[in-house]
Amino acid sequence: MSSNTTLVWFRRDLRLGDNQALCEAAGRGGAVVPVFVWAPEVEGAWAPGAAGRWWLHQSLRALDAALRERGSRLILRQGESVACLLEAVRDTGAGAVCWSRCYGPARRDQDVEAALVEAGIEARSFPGALLSAPEGAVNKQGKPYQVFTPFWKAQVAGIDSGEPLATPKKLKAPQRWPASLQLEELALEPSVDWTGGLRGAWQPGERGADAALDRFLDEALSDYADARDRPDLPGTSRLSPHLHFGEISPGCVWHAVRQRAATEGRKGLVRGEEAYLRQLAWREFAYHLLVHFPHTTDEPLRPAFARFPWREDAPALRAWQEGRTGYPLVDAGMRELRTTGWMHNRVRMSAASFLVKHLLVPWQTGARWFWDTLVDADLANNTLGWQWTAGCGADAAPYFRIFNPVLQGKRFDPAGNYVRRWVPELAKLPARWIHSPWQAPAGLLDEARVVLGDTYPSPIVEHKAARERALLAYEAVKAQG
DNA sequence: TGAAATGTTGGGGCG
DNA sequence: ACGCCCCAACATTTC
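Numbering (numbering that gives the first Met the number 0), first residue to last: 0 to 480.
Please keep in mind that the hints were generated in silico from the structure rather than gathered at the bench. Glycine is no exception: its CB is placed at the ideal position from the N, C-alpha and C atoms.
Simulated restraints, written as ranges between beta carbons of each label pair:
hint	residue 1	residue 2	range
1	R67	A210	18 to 26 Å
2	G26	R214	31 to 39 Å
3	T262	G28	29 to 37 Å
4	H294	P189	29 to 37 Å
5	T166	R106	27 to 35 Å
In silico DSS-like links for lysine-lysine, alpha-carbon gap of 30 Å or less:
hint	residue 1	residue 2
6	K463	K409
7	K477	K142
8	K477	K463
9	K409	K427
10	K152	K266
11	K142	K152
12	K477	K139
13	K463	K427
14	K139	K152
With the hints as constraints, model all of the structure from the sequences given.
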């Protein structure tokens, strides 16, 4: 025990590579004590959901294993963050605490920093979860950006994130390790195991993140501009949960994509690379909005939407959640979500639009369901996505843009293979009818063993009528701007 | 990061 | 050969 021991407070940066806080601690030459504090109460209503807790459990185990390969280990504590950290400082005699900042409405970072400073402990925090720190970013009027493209051009597009920081080869252990809870004691995994589908779909942890990035670069990036909209193809990066938990840094991903152009001797980026970096920039934009408008997790950014005549419709909500709306693309997406904890973004837009516009259920209700079921549930991205869909957010889709789930299916799942995978009771229908089985000739339905209203539901709302109802509801918002 | 309604155009069938 | 109509294809506007 000596005052040149440094605590590394792991937050949502569950990696050893390109980790500023860890490198800072290791570079001091003294002992390093990695600590994770499970303090869900701080986030209040937005404590991690069930799927996110499952992922967190796996990721903490992977982080501990990686630390042990380097002569270290992860200390687990549970309770209020300030109290736990001060206690860990006392237990180890540490003189400093390093961490990667978490951006969001919770004020934990500020509380911890103030408490450490007051206790005479050095506090060093780093912006490792984002490409650029959001606090000071403002437009020419001195206000936060509310439109993506100017934000992209001024704040993100030109970033050169440079070489990622190397992984420390060895971490000096303290003379005696402080007490730690067992991972199981945090009770992050569900008591009734429903996570088989998650286990089959993902490899949480830094190694899984690196593997996902390598696959994406080798197999999907060049076609990303077009294939990213195709839920039937492996055209996306699938990095979202890894990025959420910081198993890979956005700077590392950004650098890897740009490096690809550099090694091929290109000055500019090809379409796919540019399109993917823009997606990473949407993540930055989401955090920018969350930091500057923290109330938008629960309230629409555009105040006029307080007047919107949302409906209470428990049976329709349940049908949506369970993937039995009668619209195959929506149902496929909602079942993919429940099974794997993830849904393709193109389908997220269609499914979310269906809940908000066809069913007139409040976007907050959808956001809450996604929060509990997505392994990549992220307060910034989830808030942005739902407010975008509902038309009440920054740079949002106008309310009168109403997705037609049949047309979206025909356009982006042309052979119907995505629907066949997740809605197997429709698998034998030919592509022509698979997105609108109610229009199929009776003989074909018979051959495909489909009985509407029995083996697969009839549509719970009729598209044209639902569209007109949504447009009528929107009048209430339009009236006074 | 829509879709539907409405408008325009041009090729081809046909009297 | 000509004008007329139909309608697909595309463009524009409206929600």
